[in-house]
Structures are given as structure tokens and as C-alpha cells.
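Participant: Protein chains in written order, with full-length UniProt numbering: chain S, 1 to 191; chain L, 1 to 1096.
Keep in mind that the hints were calculated from the coordinates and are not lab data.
Positions of the beta carbon are idealized from the N, C-alpha and C atoms, including for glycine.
Heads up, a few of these hints could be off.
Said to hold, decoys possible - Footprint (simulated), chain L over chain S, 3 or more residues, beta carbon under 8 Å:
1) 10-23
2) 65-76
3) 85-98
4) 121-134
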Amino acid sequence: MIKAILVFNNYGKPRLSKFYQYFNEDMQQQIIKETFQLVSKRDDNVCNFLEGGSLIGGSDYKLIYRHYATLYFVFCVDSSESELGILDLIQVFVETLDKCFENVCELDLIFHVDKIHYILNELVMGGMVLETNMTEILSRIEEQNKLEKQEAGLAGAPSRAVSAMKNMNIPQQLKDMKLPDLPQAIKELKF
Amino acid sequence: MALKKVRGNIERMFDKNLTDLVRGIRNSKENEAKYIAQCMEEIKQELRQENIAVKATAVAKLTYLQMLGYDISWAGFNIIEVMSSSKFTYKRIGYLASSQSFHTDTDLLMLTTNMIRKDLNSQNQYDAGVALSALACFISPDLARDLANDIMTLLSSTKPYLRKKAVLMMYKVFLRFPEALRPAFPRLKDKLEDMDCGVQSAAVNVVCELARKNPKNYLSLAPVFFKLMTSSTNNWMLIKIIKLFGALTPLEPRLGKKLIEPLTNLIHSTSAMSLLYECINTVIAVLISISSGMPNHSASIQLCVQKLRILIEDSDQNLKYLGLLAMSKILKTHPKSVQAHKDLIMICLDDKDESIRLRALDLLYGMVSKKNLMEIVKKLMVHMDKAEGTVYRDELLVKIIDICSQDNYHFITSFEWYVSVLVELARVEGMKHGPLLAHQMLDVAVRVKAIRPFAVGQMSLLLNNAHMFMQPSGGSNMANVLYAAAWICGEYANELEKPEETLFSMLTGKVHSLPGHIQAAYVQNIMKVLSIILSKGDIQQSIKVCKRVSDKLAQYVSSGDLEVQERASAALQLISYIHKELENGDADDICIQVAYLFNGELNPVAPKAQRKVQVPEGLDLDQWINEPLQSSSESEDENQSDDHSNFFNLGGFDKKEEEENISSTVEQVEENRKARLYEQENNPNYLKLNSSSDQTCDIPITSIDLPTSLNVSGFVSSDKYIKAKKEKKDKKKSKKKKKGNNHFEEEEEEEIAIEMVVNRDIGEMPDGAEDSDGAIDVQKDINDPHTALDIDLDVPEIERPPPVEEKKHKKKKKEKEKKKKSEKSKKLKKLDKSDQQLIEIKQGYEEALGICTPSKEIVQAEDLSFGKLAMDKYILLEYKIDPKNELSNSATVFFRLTNVGNNCLIKNIEIDVTNSTAIQFLDEKNEPLSWYKLNNNIQCGSLTEFDLSLRVENISIPNTLRGTLTYMAQNFQDDNFHQDKLDWRLSLAVSDMFLKAAPSVPLVELLCNGQLVYKSSIILSGTNFNQVINWFSTKLHLVLVERVGETASLYGSNASSEQLCLLVKSNLNNVSVEAKCTSQTLVNNLMNEIKSTYNL
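Bound conformation, chain S alone (with noise of 0.2 Å):
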């Protein structure tokens, strides 16, 4: 069973965290605390391979981490995971985030935190894993955005317009612009 899978980057800040037990959100900060701590001082020589983290477990659980580039991924499991399968878990999910964001880097995991669960859950299902093949993990999350697209249609185009503009570089001060009058103005349009 694998208990929790935290992704932070060279500094400790979060970058996703699930725990598939119940921790309170304190606890939650301090294991993610913990395993920064254990982790960021090891070389990237050494072995994926971790033991002792005090929070979290006890003798029987493992911390298997992989390190990219700016992201620690650990997860931490039980005895009854291989290590090495876990190892290579962690590669088809960087793998995957790869392929759904086009060259994974740490902002595609700041702003898009949710669709980076919902690849998570096509992999790993309360702590259990789900699916190794990531034809078919791609496939599931394709399916599932084309249902989101499909719900979004007209509907959405507003709001997918104003997300493309907020995504423009506009200047920041714009952005902060008091818009009171604005929806006022529209309204005296009279439909």
C-alpha cells in the first residue's frame, strides 16, 4: 500500500500532496516538513531508497523518492510494494505529466495542481495502484477532458475567453482595475 505521494520542489514547498491516510492538515505540513528534510540532504548519488521517517509509518514503511530537475516525487509505502516497481511508478507518472503538459516543468504543477490529481488517480486508487500502462492512463484522462470540453461548450466560451485574456501578459495594474462601472455600463445596454 502506498500511504501518501508528495511532490515538492528544492525548497520544501508543496507542489501536490496526497495522503491515503488520515493525517489533519498540520500533521500533513509537518510529514511534508520531515520528508523535505530527510530527502533534500541527500546527494543525487545515493539510493531512491529511505528509512526512518518518524511521522509517517514506522519500520515497515519506506520513503521511494525520484528527483527532477527542481521536483522531489516521494512516495511513501508499505512493505508489501516492490521498491523497484515503485521506482518505475513514479517514472510512468513524471512520464505521463510529461505527455498531458508538453515538457512538464515545476509551473505546470503550480498552476494546474487539480488535473495533476486527476492524472494521479488514473494511477494510484486509495493507495492501491490502478494502471501501469500509460497508453491507457493517457487515454482515460483524454476521454475525461473530452467529456470537460463537451460540458464546457457554449456555456463555457465566455469564461474560456476571459481566462485566455487573464492568461495574456497583460500588465498587472490592468488586471486591478476597479470594474464596478463596467458591468453597470452593460446593463444600461438594455437587451
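Model the placement of chain L on the given structure of chain S, informed by the hints.
Facilitator: Just chain L, lined up with the frame of chain S:
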């Protein structure tokens, strides 16, 4: 209205979405908390709005904030609202939020039951998918109970995506609702052979998790797994299966023998490291479980060790780590094979990676010999100096002690060296294994007589330098070694060189800052040392010492620790008495008497000795010594216990327990207690170790570098012994040169022969008791949900099955039951024995009313064996029908083809079917299927299975389907090909479409509500009741609901929701069957079926 909507839309455009929130947080680095607080306010506003899109955005933002550590449980209602949206987009957002913030104990979960059920049954598979993903994170016992059936239905969904998720979900259901395991297990088992490999893999995953905790219940699945292992190519699944076998083999050695070959093949053939590694692991587990009786298993061990060596030598640190991990498993049973690779392990001990060093440490345990022990320990001590992390340092200390003390100090050639190692370890700062060290010191001193003078010398030095251990650096509990030091110096005080000096080192200094149990040991041992001084007979000196001791003891009398206080007062009184006697000139007499106090040697006591003390004849421990006090004297009691509690507060006694036991006077108990404590304190095996360690371990440890203070003259360095040994060796070598090779070996052995006698007994035991018993306490964690899942699935359940119904029902029923029971118990008294029995049986069933019946029959029915369809000399065709309950007129037909020919291969297998509109096979697109081709060949003696779905127009009438099977058999003996055709006829009786499900409402209710209007009956002669019941429940797929004596009621239902009740009664020489049914056709056809099969 339209206007309002438009306005809403436009305003919404400028609401913050998730991206804006993230951007905002990033832009306000200085004032993040404030910005987030402001956003929270906005979110609260948004959640109040009607528009679901706004709500969904707000919830999405909350999910992000949750990751940053903000509690969002207050928005639970809104999350549920978003979850219940009909749009997938919003639903997904809601479920994600719920999976992040809900948990088993969330109260709101009870609101979600119906919504989740709706989603699970949704037409859109992704609705069910997101619901399952989230449910897996927060499922509660109530949800598990209420949704178990819905999830079970999904197990046979046509969509592999849902089957896969449902299979995994079942595991979570089992954890929260163990009663679901038994009914669901047959289906889960079927999923192991699902067509979709993802579903297969999920099922393997679940069974592995179940079997990991309770392996013995899953042994019967071994053949299925064996088949999967030899046929599958999915590495992920293979790993799981192989891991599972590792858990099963210790229980079934025969399985292990069968596994060795395929596993070694895999080891040779696979290129996947992960698979290779798990194979090695399981081979090791197998070899451990069958360590005897396998002639050629040394070859397998060699293979494993070789492969592991390759892993360890690999430049990939991960493989190195795993190699060492697996090696340590071999070490336990085959130490010799591992010892050959000592060089490699010693190299790993210097690895820069702490994980690898720790694993190498584990292996060291098996590497030591008399020759290299000192060298290895030396190396570890050097590591200890260098190590930064206290975790690693503590681990090193434990390892050093483990290595040295293994096999009762088998490898130690010089105990002086060992004692000095222990003392050196005690001087390392900031460690938390003081109690362990103390225990080792005591153990060595007690067991090795010859070492006592040396040990006493070292210990008195420790006492003199006690201040070293009292530094307020925190975290360390090394002070515990002072306990050992005091005890050793006291017990063997006659070995002390300067008893006075040691005596005063225990009296002066900041003793009051020591933990209570150490102070207590101090007081006791002060007395021992004093008695030795007295026995030397110098009266003037003795008087002086006595005076000084009694002065100093005063500080102990005022100690905060009750026990220290108590002992010190007693000691003080004793000393003042001795003092008086000495001054009276009665010196000789009093000295002898004092010496008697501490006379006799203390021996090690076996750990189980206390339990083994036999109860003397005539003593009944369960009998009251005095009858417990009547409640009339309660007020008195209270007074007493009040005083009592004041007195005992310091000791932290459990008042209530004491109260119950106090039947005589308080004083008497107090006396007993004193005696007991005294005894415990004198018992060297009674260490109160963890009193101080608990509070201090989580304080961060900052080690202070005090290089000089720790070097106290007089401590013997352990290095000395290594040097000495080397010198000897060198001498030897020079000798050797003179003498020649032959003598060298012998001489070294002689030299190494143990210099000191070690008492290696297990310890003293009471007379007549032996240690050999299996009194091992197997402690099972009660909180572990797996204990509830320890169900033997091969044995049908006899108790009543779990209630699958609404809570309210249950409560009411319980109340009713209570009433009934009390009434009944009154009646019972009046009845004679035989009647009582009957009532007891009935009671059992009354409790089971409305519940899903004894699943004994369910299990039998589910586990149907295949029926023969056709056979010739080459091939056997069998079938089994499993109705699908979600599609009213469909069933799955499982076919099994067995090659029964004599040394031949069967291939080109095709099935042709004569379809009709009444009954037809369907392909994946639900189109009629007239022929089916099997892609695989069947080897001699093996079998293959496949399934087809079947559609029947009317399931209330019997149907027949005809077809042919064509195949080609290749005979290996003469290499001839033989093509043949086999006709078959599949008759589908009405009972084949029964669902084997228990009635959803109590049978009584069903009979009363007037749905079952069509009746029919039949009388069967020449058979007996049990045969009929057995036949009905196994062959006709009816469910036994209730059985009282020779009367039983059975129930059957099919997917067209037609229901049927049977009442079977035993008469004098026949059995009568009465049926009531919702459909005339069904009941008639069933009766015909009974008649026709009965005549057979």
C-alpha cells in the same frame, strides 16, 4: 431574469479562478498569510452564491489552499453540493476536494450515501470512476456497509475500467466492513481470471493485501496464482504474485518446492531488475521454509547469492541497497554463503549513503568471528565518532552490542576489552540507549565472575565521574549506566580498591538531579559498600564513616522520589543503630550482622521464571481471601481511600484497583508493597529502564563538543586490547616463521580459547519448570483492521451473516430482541429440555430475520463446479452459467476445455452455435455471435477457459442451445493430425438464471405482501429431507433462508425480479415441496425441472 443571468456571467468573469489565486499568492510573497485570509473571505462569499460554477471554482481554490495547510473542513457542505452537480466537470472538482479533506470520521459523510450510490450506477463510467477514486480515500464503516452491494455489482460491469476500480474498492470496503469479505470473495476470485489484464492485476493486488496479513486463509488460491505466474507477462502483476508466494510458502512447504523451478527460470530469463529482485526474495523465503529435505537447494542459494553480489557491486545505489537487504534475509538461515562475501560488505560499510551503511550493518551480525570481532567493533567505533546523525549513531551502538552479545558472548575473547568498549560507548554524548548499555554492563558482570574486579574498577571510575552524565545537554539518557555502575560496585564491593572513595562519590555531587530509580540504586548500594567497610573491622574508621554517611544520606531522605525517600529513611535508621552499637563497643557482632544483610550471590533469573512459578497445592488464586466488602460501608471506604490516595499520589497507583483489593488493613498492604519493592530492587533482572527516556527523546539533541572532559584518566581504552592482540599475533608470526605452518593454526586456536568462564545459562527457573514451552505472547494489534479480516474462506460460515440493512432497522430490532429474549428466558424455565432446544434454534433465526441468511448455502452455490457438456477421447468440454444481475436477460457462460487426449496438442479450436431469437450468444458489440475461435492451443493434460455472454429472451422458461466444437488434435506419438467435430447441447433451466442472492426483505414480509400469488406443490418420495435441501441449494441455486428441524424455507430470484419461495417439509416417508411465486410460468417450469431431474 435573462438580464440577471447575463450580469452573473459577466461578473463571474472577473472572479478569481484557481490560476488567479496561485498567481496572487506568488505575487504577495511578503504577505502571503494576509492575502490568503482575504481570498478565504472571497471564497466564503462565492460559496454563498447560487451559481454552481462559482461554487465549483471556490471549492477548487479551497483544495489548493488545503495543500498549503489550511483547514477546509468547514466547507464540507459546499463540497458535497458541488459533488452532487450533474456536470462531470464540477463533480470532479467536488470529489477531488472531498478526497483531500474528508476522512472516515467526517460526520457529513452520512449525507453522501445516496449521492455516491447514484454516481456509482451512473450511465457515464467516469462519474462512477471519480466517485470510486474519492470514496477510496474516505470510506467509513457506514458507507462501506451501505454501498457494499453497489460496488459488488460493479465487479461484473461490462466496462473493464469500472471493474478494475471496483475490485480495488472492495479492499477498502473489507477494511471498514469485514462482513462483506465472505460473500464477495468468490467474485473477487473470479476476477483473478478476468479477460482484462488491468482487472486481473487489480484483483491480484487486493488478494495480496488481504493475504499479507492473514496468509493462511488464501492458501487455496495458490493454484490460480501459480497458473497466472506461469502464463502472465505483466511484470507489475508478476511482482505482486511472487511477493504473495513469499508470504504463503512458510505455511505450505510443498508449494515452495513447486515454485523453485519456475522462479529460477524467471531469474535466468527476466531482464527487469524489479522482477529479478522479487524472484530472488521469494526464492530466499522458499529456501528458508524448506531448509531441510531439499537435496539440491544449495545450488539455488548459490544462484541467489551470486545474483545479489552482482546487484551489490552494481554502480546503481538502489540495486546495491536492495542487494544488501535481501542478503540479510539469507544470512539468517545460510550464514556461510553470505560470509563468503565479507569483503563486499565491509566496503559497503564505508559507503557515503547512510541507507546502505545501515543495511551493511545488519549483515555484519553474521560476519563476525572470534578472530575479527575486535577489528570490526573498532571500525564501528570510528564510524560512531564520525557520524553526524544521532539516528545512525544510535543504530551503531545497538549493533555493536548486538554483535558482541550474540550467542551469549560467543565471539568475545576478552571481556576486559568488552567492558572497556561499553565504558567508551557510555561516554559518547547524546545517545538514547543508556538502559541497553546498563543492562549489558550488569549482564556481563553477573555472568562472568572473572571480570568482576576489572568491572568494579571501571564502574567506580564512572561513579567518580558521574558529573559527565549529568550535563543538561538533554536527549541523552546515558545516566542509566550509573545505575549499573552503582549496582556492580555495591554488589561486588569486596573487589573495590578504595571503598570509601566510591562510597562518597555516591553520596556527594548533584545526585538529586539523577532520575529516581538511579538514586534508589545508589542508596541501596551505599549500604552494601558500607557493610564491606564495616567488615574490615577498624572501629574508629567505621564510626567516622558512619557519621559521614548518615550526614549525607539526609539529602536522599528529602528526595522527591517516593522510593528513594523510603529507602533512605530505612537506611538512615539502620546506620544510626549501627553507629550506636559501634560506640557501645559491640563492633564485631554488629558488623557480622550487617554483613548478613547482603549475604549470598545473586544469579541471573530467566525471563520467564516468574510466570513459571508453580501454584502450590491447595492454593486457589481465583478464590477470595476475604469476601469483598458490602456496599453498606461505602462511606467508610471513601474516607479510607481518600487518605490512601493522598499517600499514594506520588507513586501513581491506580486507586480503584487498590480499593477493590484492599480487604484487610491498609498497613498490611503497605508492608507487602515494601517487601515487594525491596525484592524488585535487589533483583538484578528488574530494571526500570524507561522512566526517563520517554519524555526526553523528542527534544532535539545538540551534541556539545567537549573533547577534554571526557578523557578521564583511569579508563582503559579498548584499543589497548587490539594492540595487545596484534602484538601477540606478531610474536606468533615470528614464531611461525621458525616453526613452520602446521603448528600455527592450532596455536592460534589455543590463544583464542576463552580466557574467562561465562555463565551462559538462560537463568534460574523455579523447580520443576522448564523453559521449553511455547509461551510466546503473540500480540495482535486490535486497531489493525486486518484482524477482523482473518476469516477462513474455505470453511463455510455457520454463524449468522452480517446485517446488510439500514441502521434504524437494526436498532429497533435490537430493542425488540431484547424484549423477546427476556420474555423467552422466563418461559424457558418452564419448558422441558427438548422444547428448549427447539426454541434455541428458533431464536438463532429470529435474530437473523430480514438479513441475508446463512451464507453457507451462498458459498456452495457460488462455488459451482463445471458441468460436463460434451466429451470425446481428445477433449472435454465443460460449462458453468453465471447470470448477470444488472442485465435482466443475460448470463455469462464459462467454458472449460480440457485436453484429455494421450500425448497430443489440440489447436484450431472453434465453436459454432445455432443461434435463435430465443437464446443466443453475443460478441463484445452485443451482436449475435455464431462462431467463436479460440486463439490458444491446449497442451496435453492442461486446460483453458473462456467465457461468452448469453442472451435469453425469456428467462422464465427453459431454453436449449445447440452447437458444435471443431478442433484439430496433433498426436505427438505418430505426428498425425486428427480433425474432429463434437456436437453439444446446452440446456438452460430456469434455475440456472437464479441469482443466488438473499431476499432483500424478510421472507415473512414477502409472503405477507401478496406478491407471491402463484402456487404449486409437489411431493417427492423415496428421498430424505437433507438430500432435497442440498440438491435445491446446490443444483437449483436456491438460497436457504431458514431451517428448523425438518422444515426449511428457500428463496430464489432472477434478474427479471421474479421471486420465488419454497417451503420444504419432511413427512413420514416423503418430502413435500410447496412453492409460491410472482410468476406462473416460472413456478410451473421450476416444478417441471424438479420433476425431471428428480426422476433422473
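Participant: Just pull the numbers of the violated hints for me, sorted ascending.
Facilitator: Those not satisfied come down to hint 2.
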